[in-house]
Structures are given as C-alpha cells and as structure tokens.
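S.K.: Each chain is listed here by its residues.
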Amino acid sequence: MTTLSELSDNAAAGTAQRAGEPDTEPDSPGTEPGTETADEPRTAVPAAAAAPVLAVRGVHISDQVTDREIVHGVSFELTPGKTVGIVGESGSGKTLTCRATLGILPPHFEVSAGSIEIAGTDIATLTPQQWTALRGATISAVFQDPASYLNPSIRVGAQIAEVIRVKKGLKRREARHRAVELLQAVQLRDPELVYGQYTHELSGGMLQRVLIAAAIAADPQILIADEATTALDVTVQAEILDLLAELRQQAGLALVVVSHDLAVVAQLCDEVLVMREGEVVEQGTTSEVLHHPRHEYTRLLIAEHDQYGLEKFLAPLTPLTPQETS
Amino acid sequence: MTTEHAQGQRPADAAADGRAVLEVTGLDVHYGSRRQRRRALHDVSLSVAPGETVGIIGETGSGKSTFARTVLGLVRASAGRIVIGGEDVGAYGGRQWRRLRRRGIVQYVFQDPLRSLDPDLTVEESLIEPLLIQGVARQEATARARTFLARVQLSEELLDRLPGELSGGQRQRVAVARALVTEPKLIILDEPVSALDSANRVQILQILKDLRAAGVALVFISHDLGSVAGVADRIAVLYQGELVEVGAAREVITAPRHVYTRLLVGSAPTLRTASADRAERDRLRALLHA
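Chain order of the listed sequences is A and B. Residue 240 in the working numbering sits at position 240 of the first sequence; the count goes up by one each step and never skips. Residue 99 in the working numbering sits at position 99 of the second sequence; the count goes up by one each step and never skips.
Note that these hints are calculated values from the structure, not bench results. Heads up, a few of these hints could be off.
Below, computed lysine to aspartate or glutamate pairings styled on EDC-like, alpha-carbon distance capped at 20 Å [said to hold, decoys possible]: (1) A:K312 with B:E251; (2) A:K312 with B:E124; (3) A:K312 with B:D224; (4) A:K312 with B:D233; (5) B:K185 with B:E251; (6) A:K168 with A:D219; (7) A:K171 with A:E181; (8) A:K167 with A:E89; (9) B:K209 with A:D219; (10) A:K171 with A:E201; (11) A:K171 with A:E110.
Just so you know, these numbers come straight off a predicted model, no measurement behind them.
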C-alpha cells in the first residue's frame, strides 16, 4: 500500500507521523467517548512557528450589482497540518469565503476589503496564469457533489492522470501509474479497476474519494473541503473524515473544512469559525467554542445536538456558568 | 459468521397486543422480474403503537424508502402482512388503497416538499384538497387549514403563496400541515428534515415531538441517526433490506448490539467527537464486510 507520505513531496517537511498510529496526536478525533480531551490546552499542530500557508485577513465580500456586502470580515490563518472549520447555514457566507480564497467568486462578486495570502502571495496581485499555476499545486478543493466535478464520459482515472500530466509534467504512462497510486492512497479497494470506471459506476463515497485523489494529485499545501461529506451516508462520511485527518497528519496538509454540521467540524478542526448572515459570530479553538460558546447562535447549534442528537444519550458538555459566558 | 454477527433483534415490546396502528410481519419486497429480480426488503417485522414514534435508520440502499412506499401501498410486497389500524391491507388493490388513503388515516411526508406539493396549488388549496376529497365543506376545510397552519407555526399570510414562493423550511412545514389536516393516526416521514438547516430542523423536530404528545404515531425514516435519536421512542436499524436491530432509542445508541449498528453509532459525529475511534471503525468495517 502506498502511503500518503510517500506520495507527497511535502510530507517530509510536514509531520513525521507514521501510518498505523493515527491517534497519537492530542486533538485527533479518535479519543474515547466521554473523555474530555478538548479541555486540555491545544498544542499547536506541528511546528508552531511555521509560516501560514493561508492567511485570510479581514475579508469582506460584496455583490457589485446590488452594492450589498455579503461577507462582513473573515480572518483566520492556517499553518501546515492545521485545520480550520467554518460552520454556518446556507447563505451564511461560508462558501463565498472559500470561493474568494480559491479565486473563483461568482460573476460580479468581489473582495471589497481585506486580503488573502496563499503561501505568502497576496492573491489580489495574481494574473490568471499565476492562478492556474497555484490551483491544484498549492491550493485545492473538494465540494459537496463530486459527480458534477467529474466528466461523465471520461474514465475517472484518466481525469486524475490529466491533472498529474498538466501539473506535474509527467508522461502518460507515469501519470497513469501515479493516478492508480493516488486511488489506492484514498483507500479505494480496487484502484486498478476504479481507474477504468465511469462516474455512473461509482457510489457517492467512491466519487468523493476520486475527487480527493484528484485534488491532492499535485501535492497541494491547502485543501478546502466545502460540505464534502454532506451528501454521504454517515459511515461513508466517517471514512472520508478519517481520510482527511490522515492526509493532514501524514502529508501535513492544511485543511479548511466547511460544514453546516458543528459536529463534523468539531471532530476534525483545531479552530472553529461560526458564521451567520455573513458575520463571524464566534471564533476560537474547538474546545473554547464547544465548552464556552459566547454567541447565542453557537449555543443554539450546541443545544440542537444536545436535545435532538445522539448527544442526548451521551455525557453532557461542561455546563456553562453565568460567569463563563460573560 | 462471528459472534459479533449474532442477531441484535430485541423482543418487540409495545404494540404487540393487536392495537397497533401499524403492524408489519415478515415483509418481503422485490423489484424487477425474473433474472433482474432483486430483493429490497427481507422478512421485516415491525409494529407501531398508537402515539409511538419509531425511527427507522438506514443508509443508501438499505430499503428504508421501500419500506415507506410499501406501507403506503405504492409498492407491492411479495410476501408478508401489513395491518394498518386493524385493517389487513396486504391484498388491497389500487382502488382499495386509494380509498384507504383518502380516509386520511395514514399520511406521509417526504424529503423534498417541492415534489410532494403541487407547484400550481397555493398553500391553502394544498391544505384543503384532502378534506374536500373527503367531502368536507369548503368553509370548514378552510378553517381547519388555518388551524393546522398555526400548528406548524406558519402565518396565515402564506395561504395565498405557491410552494415556489416559500423557503425550504416553510415548504416542509406546509407538507407536515397537509399530512395533519385529515387527523391521521399514523404519519410516515421519509427523511423529513434532511434537506433543512438547523433552525428549520429544530422546528420540525419540535413539531414532531408535539404530534407524539398529541397521540399521533410516527414512523420517522432517516439516514441521520442524530435527528432520529432526538424524537424516537424506539429505533429500528435496516441494513441491506433486513432489520438487524430494534430497541429502545437509548439502548440502541448507548449499547448497540449488531456490528452494523455499532459502526453506524461509531461513525456519527457528535460534539463529544465520534463515539468510536478510527481503529474501532476499521475493525467494525472489516467485520461487516467479512
């Protein structure tokens, strides 16, 4: 089995975590039920002093046609191996923030204030050619509906190989070989078989793996997962989340995880941003946000889980005292 | 087969005494014919007592929607017995099913209200239609429509709107109100909150809790263990067309017996992190696929 660290040039620079011991990291999702590891102080993931690969600073996004501001200031930084989660409902501005980061805002939307730096470069200065060089090789993304990002009439493997040929300049045969390795790295059971299949022959979970394989094919430093597991079954979602956690640990990938589900984000992220109507209403380490939510809306999200979710039957989170909320 | 595969079935408790609103015994459903014939449900038995909320959990292809459709007479069972409100409907033909549905004892709510509401009917027309079909006078029907619109916390201003002019959450509440106007004994809900954001989800779940308190029996079908856990008295787990576990919600979630249920519970993200770790999930997956 090809490990992810073998695949990635960044791996050596990132964490040196080995396969097979995924749970040694203090804030990995694999802790025992009920234990409150989140209460421990967060150890900064890998090298604490590492320069951010992604810095989003006070970003505002406006619709130029209506002259309305849709996103009112988002800031966060990502260092290698770190994960930032953005939680919010449809229309909260989380996807627009992602799209701004990828330089793919819809027509007549623009970043009206603030700046975004990818690996030290302000994206406002990028030419379209520079963007093309950056996408895939430095920053990559997967979205909710994998089927709509793949060509239904081309074998999925060939679509990954194309990324490798264009981005890494490999020859056809080598690109094919590497695409199969990538399919194996995202834990598809029969990578050779999957390589030759079409989108309609694969399940949603398999397609999302294929898309993740394509997204990491050119060894990006940043991966944005925008509702990447929303359409999947719970058990498949867990597999994809496990895979993302593994990518982060082994390849030092920096992740932006966007979800409407606080629990998904809580499971994977070091830092959480809660967005509502274009505003970041709460931001902090995952444990701060879960245990000491300040904003009404964050409390609503937590209460929903406590009253209507599985949490109803699990040990409660540390209850809030009035002093803590102030 | 390992010991882990031992049947997680618990004795069906409530509702086994003949006053069940819904009693399904040994249900088999097949799709296709001859060589194309595929089994969608096998030997499914489940009963629902008056006022009870039973959650059916299953993932893609588990047969959960087939179950809903069969109980509503939209799909024919190849074997088994279905008794609704004491009436054996197993041998019913299309006309008898239509008559049964018209009486409004069983109602249903599906995931996508845009597809279950007629796009050309206003909210009011959609709400009164089932009553007019029953022969209720228009004035009385309109009054009832207003009552039930209030029950789902929608304002009367929406009565003149078309489904396309409502938000997703409002639409789903209209679909629930429409299911309620005939005052059914049983409502089958197939993924009723899956397409909604959390504020709307909470609202619908609260309405379902109120309905339960009012004595309406609910069958709540979903892939999302979380939303079912919050409202169901009992949870039934469907896996590849078979019920692998049925039990009190708390038991199924805190002490799942079947390997699949354990994987399902262990995969669900919660605010306390997933209840199983990655290694445990891998182990359960291997067991399940063995």
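S.K.: Now tell me, hint by hint, if it's right for this structure.
M.R.: Verification of the hints:
Only pairs whose Cα atoms come within 20 Å are accepted, and K312 of chain A paired with E251 of chain B is accepted, the gap being roughly 12 Å. Taking the CA atoms of K312 of chain A and E124 of chain B, the gap is about 37 Å. The hint is violated against a cut of 20 Å. With a CA separation close to 14 Å, the supplied pair K312 of chain A and D224 of chain B stays within the 20 Å bound. With a CA separation close to 13 Å, the supplied pair K312 of chain A and D233 of chain B stays within the 20 Å bound.
Only pairs whose Cα atoms come within 20 Å are accepted, and K185 of chain B paired with E251 of chain B is rejected, the gap being roughly 26 Å. The hinted pair formed by K168 of chain A and D219 of chain A meets the criterion: a straight-line CA distance of about 9 Å does not exceed 20 Å. With a C-alpha separation of about 15 Å, the suggested pair K171 of chain A and E181 of chain A falls inside the 20 Å cut-off, and the hint holds. Only pairs whose Cα atoms come within 20 Å are accepted, and K167 of chain A paired with E89 of chain A is rejected, the gap being roughly 34 Å.
For the hint linking K209 of chain B to D219 of chain A, the alpha-carbon distance of about 49 Å lies beyond 20 Å, and the restraint is violated. Among the hinted pairs, K171 of chain A with E201 of chain A is inconsistent with the structure: their alpha-carbon atoms are about 27 Å apart, more than 20 Å. For a cut-off of 20 Å, the pair hint linking K171 of chain A to E110 of chain A is broken: about 38 Å separates their Cα positions.
Comparing the model with each numbered hint stated earlier shows that hints 2, 5, 8, 9, 10, 11 do not hold.
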